[in-house]
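Protein sequences appear in the order of chains A and B.
Per our numbering, the very first residue in the first sequence carries number 1; after that it's consecutive.
Per our numbering, the very first residue in the second sequence carries number 10001; after that it's consecutive.
FYI, nobody ran anything at the bench for these hints, they're computed from the structure.
Accuracy of the hints is not assured; some may be wrong.
Derived DSSO-like pairs: lysine-lysine, alpha-carbon spacing no greater than 27 Å straight-line [unchecked claim]: (1) A:Lys507 <-> A:Lys392; (2) B:Lys10048 <-> B:Lys10065; (3) A:Lys1036 <-> B:Lys10147; (4) B:Lys10196 <-> B:Lys10147; (5) B:Lys10167 <-> A:Lys817; (6) A:Lys1056 <-> A:Lys350; (7) B:Lys10147 <-> A:Lys817; (8) A:Lys1038 <-> B:Lys10048; (9) A:Lys971 <-> A:Lys777; (10) A:Lys848 <-> B:Lys10167; (11) A:Lys631 <-> A:Lys488; (12) A:Lys848 <-> B:Lys10147; (13) A:Lys1036 <-> B:Lys10048; (14) B:Lys10167 <-> B:Lys10132; (15) A:Lys777 <-> A:Lys817; (16) A:Lys1038 <-> A:Lys777; (17) A:Lys804 <-> A:Lys912; (18) A:Lys103 <-> A:Lys133; (19) A:Lys350 <-> B:Lys10236; (20) A:Lys405 <-> A:Lys507; (21) A:Lys290 <-> A:Lys327; (22) A:Lys1036 <-> B:Lys10196; (23) A:Lys507 <-> B:Lys10167; (24) B:Lys10236 <-> A:Lys392; (25) A:Lys350 <-> A:Lys392; (26) A:Lys1038 <-> B:Lys10147; (27) B:Lys10196 <-> A:Lys1038.
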Amino acid sequence: MSNAPFDEIEAELAKLPPAVLEVYREAAAAMESSFSSEELALWAKEGATIAGQTVRSWEAAVEYYRVGPLVARSLAFPSFMQWARCGTYLSQDSPTLAVSFFKASPAIVSNLRPQYIPRWAGLGRSLYKGTWKSSTLSARFFEVSPDLIRSLPFWDVEVFASLIEALSYKSYDVAVECLTLGRDVLPAMGREREAFLAMSRALSDGNWREVKSCLEMAPRALQQIEEGQTSRFLKLGERLTKVGIRDTARFLSDGSQALGQVPQGSQAHILDLCEGLLAVSPEAVPPFLKSLDGVLHRVTVNQLDTWFQHGVQLLKENPESGIAFFKVESNTSESLLETLSSSLELDRVKGVVRLYCRALSGSPIEVMNTHELVRRNIGWVDEDSASTDGTKVFLPPVVDHYQDKNENFSWFKVVATHQVGHLEFGSFAYDFGRPATQFEEERRFVLERERGLQQISDDVLVGDAEADGQVRSFTDIGRFLSLFDDRKLAFDLFTVLEDCRLDYRIKVEYPGIRRAAAAVQGDTLARRPEVEDLPLQEALVELLIKMSLDQFNSLPVPVDYKEEATMLARILHRLRTALANVEDTAEATLRAYEIISRLENETQPEDQWEPEDMDDPGEFSEEDFQSLLDKLQASQDSSGEGGEGDPYESPEPVDYRGDFKPEMVQLLTKLQMDQNQQGEGEPLSQEMLEQLLQDSAELELDAEQGDINNSMSTFAQNIMKEAGVPPPNSQPGQGYGPLLHDDDQGGELEAREPKAYVYDEWDFRANDYKPRWCVVKEKTLDEGDSGFYNDALKNYSSLLNHIKRQFELIMPETFRKIYRMVDGEDIDLNAALEAAADIRMKVPPDEKIYWRRNKIERNVSVVFLLDMSASTAEAIDEGRHTVDDRDAPDDPVEYMVWLRRRREGLVRRHYKRIIDLEKESTALLIQALESIGDNYGIYGFSGYGRENVEFYVIKDIEENFSERIKRRIDKITPLHATRMGSAIRHAITKLEHQDSPTKIMFLISDGRPQDRGYSREGVEKEYAVHDTHMALLEAKRKDITPFCLTVDKAGHDYLKEMCGDMGYEVLGEIWALPERLPMLYRQLTA
Amino acid sequence: MVDAVEPEYKEYAIEEFLVRSEPYYRPVGDELDLFTAAYNQHIPVLLKGPTGCGKTRFVEYMAWKLGRPMTVIRPDGSGGRPAQELREGEVRVPLVTIACHEDLTASDLVGRYLLDSEGTRWIDGPMTRAVKAGAILYLDEVVEARKDTTVLIHPLTDHRRILPVEKTGQIIEADDRFLLCISYNPHYQSALKDLKHSTRQRFISVEFDYPPADIEAEIVARESGCTTEQAVALAKLGEKVRNLRDHGLQEGASTRLLIYAGRLMREGIPARRACQVAIVWTLTDEVELQRSVEEVVSSIFE
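Take these sequences, add in the hints, and give me the full structure.
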């Protein structure tokens, strides 16, 4: 080997300041092991080149030599020389740059792929513009590079560098500061980094000063935002910036704070709104976010939508006022919020109201909103009136009568109590034949005879009978109302009087509601029309209404008809006792009708009214009544038939009392009953039903103009359907029950193939099971390779030993008698002898002298249910910050393609997936279970839709462990959705047949249950959770202990609901699964 | 300053506990006759019914009632029993009540050996003492006890009326007045803890339920001392709340709870508050249910 080149170089270096040679010699010694001597020569020579470039470049050469040995450790010689040449170029421009470059290099080269080194050097170089300030910036870049490159993908570093460059055109100082900030802030970011950089890049073109504050703000701000939403949020910021909205930093801080305050899970929705708003008017977005917190304190997220839509509308009409609206600086906004915040949605109190109604009535009443009733199209048309059909109470969806939530709730309560009152106090139990209690004479029979109507026995309709009278008498109420010529008047009177009776009764039975009821009545009274403006008949009906609302004093009464009014008041007072029943109402109706129908419906002159007190009109007597009637009849006869009155119009409905349709309710009930006991008598035909509906005063009131006949037949069909009567031409066997859920139509399913099982599903809205709703198909999993199983055992060998030891510890304690107990079955002889000896020796004896048999012999059956849903294919974030791009292609073009694909998530990494961990855990668990001999089954579940719930047998509970099972584990793969409820129910069936005293069901999942028609946005999501909860409850009822383990970190919110007081655990760290699973099982059974 | 008060309590041997003063019991049906007949005929009795509907009170009442007429009849010699246990012409029907729990073993009932300075000494358990003393033995919530205890019941409840004491090698024939009475709440037992038929069919079953509203009002008024209106309202509340039994509530409000509420009212606690603490919060922890029951309360009480 010749030393000539080295001598030459040394000679050259000797001309420079002595430090150079010194460092060179030191480094050369250290380098000898890395490179051959030719290579070393090249290295040494390059240093000389660097040194020789400018006056100060010897400093760079010093640095070059110094780091040489360190860099050489990571780089092969060609790459090494490439690196060296990068330095040379830099030192040509500025030795300072080169110094920083070399200084940073040792830390860089170990983390950066060699082919990127020139690009990295280039990034630094691009910041240098020949000025002193730019060289400082560029040097600073090299300084912070090691930190950046260690934790960011190189791509992001490049973007960041270009951001800094863009900033440097504005201000070097700001650029330097941002560079430092970026080093601190960026590594901590996750996926949102890209979006953040994009936003900052957008900023740097305009409000570049804000980049710095954004960087400062970002870590704290982004914490507030749910993972997965951050990118959207930043994207929003970017778009705002691009349209020129200033104060992005403010947006970051205000926006994130606002989002941080919204109820869990609704951030995505708020961001939807923001994006919608952005499209209309970007200026409105920041004020919207700013006021969001305050607004959400007052209204719910649902109500927010109403407010928001209103604002958007305003924005479109008048941008200025729209913005004021979103700032909540306008009256419109304020008053809308006021209304929204005090209004009460039925959905929010439905549960309470439902239970309340059930408690009062003692029957399983369902509470629904009135839209539901109208939608069914069976005769109810008013969307805002409460009502009941005998089994359900319908209430309006929202109440906003009052400025206070509590008052609005009271309104609900009063209304619900009134509706339930119809059931509790028997409005629909009207029986034509049952005697009234408050009236002596049974005038209805008299009237019926007078009118010559045949008396028809209650429920049997003889075919071919004269249509009218008989069809009308299909129900008792119908029979009663058919006594009258003017059915509308009769029905109105019946309604008022029955409501009066109920309200009185409710006040007696429920003193606590008196005040609220009185308030509601008072408000209603204030809205009633003036009696004086009405024609006589209507005025008298209105008078009755006012009295029924508890107004008795200073009632305007027409002077000429004082006697009639007083008689009406007496009739009404008869009903104001707790003893009055619905038959009394009918008799009272009849009497009131007799009076009012004999009067001319004429408007009375204004001066013909006098205020009158009616709170004590005197006792009603049949004699007085008859004499009044005779008098009226006489005057009517004398004046002849030609009365010039207006036709009678029904009064304004009393809003809180809602729609009262006793005939419809009796009809429905009767139809349903007839349906249940078929064969008894002729069922009602659709034609008869239509006829009946046509006559009914209840429908006449509601029928809108248009084709009444047509709507009648629709009503009739719907009513028949409602009552469960199959319409003609239909195949029997299809479900006709009230189908409340259009979203997943269809009927019961059948198990058509072997190993298919049908299960019910719980519908929490109906509060009942949907019968035979899901088909579970049991399949044995295919066999794969047992390699997976064996590998798992190998990989976890130390953990496995530990687990086995732990499990073996459970074993011995099980069959042993426990000695030395304070109390027990019999004396433990050893202990007793010792104690006896102690006593003899006058030493206080140990009192633990009994033995006791352990009460549990270990006899455990357990079923493990593995979630095999598609989501278990998700790769597990390994939590490493270093960028793993070892498999990236070298060619830059290919690299770009690869990078893009990787970004789009199309590259399958050899990461572990959730399911892999599930499988490994299963393998470990099997080992553990085999060691203690528990009876166990392992199943996987997935599926798509309710017709196809897949239930895979990995190890059947009765099967013995074998090679085949090892091979099946290999085939556990992510499949489709998760319909947990049915899978749980099938597992229950499996466990039920085991006779172990301890039965356990262990559910391992990775997220909420979901499936087609099982979980959708909104309510549907809850459906799945409720069904699963019910399935778990069923397990518990069968003495199976359910336990849920989930690896979904967001699991707490729904698991609490899903599992109730049953055990569950959310695994914070998925990696812990193989260790945690056996331990949990041990705890559960020990 | 108040003088230090002597603590007032009384101590009885298990089999000497007598119901001395007449407990208040309001019969609803023919349960008094049934029980008396069963007692005279040595037929064990199973009392079924929800918690707090008066099962225990009924047994107490019967112990008192059965004890009294016999003071008249038995000393005359018609009962044919040796008079050794009688004192001053009184026939006693002691009441031995055992609340069963899942750790209750056979030896807890029958007895066990204890150590003393001389060696071991046998000590009778409460069941043995009841059998010897001729008491009414009342096993409350019997299904809670361990399985082996139910086996003990068998020979006692058929014609043999004996208690074999395995460890001492003895068999005890029951006193003529001895009667076994067990209670059981069919509502909250799981299927597994149900009584076995071999056990069940040794008893006659008397079903208890909460009394009808008018009687319940009477009971509440009498027991709590609240006003009649309050008692009527409480009974109404009880009725309404029990309507929720299959809609979320595991158990309806018991008569006992209604009485508690009545007592609080008598002490001047406002009605709504009294119901809240005595009934609403006791019945359930579920917020929605609580709210619903509270709404019922606030409808009934002002």
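* Which earlier hints can't be squared with this structure? -> Per hint list: 15 and 23 violated.
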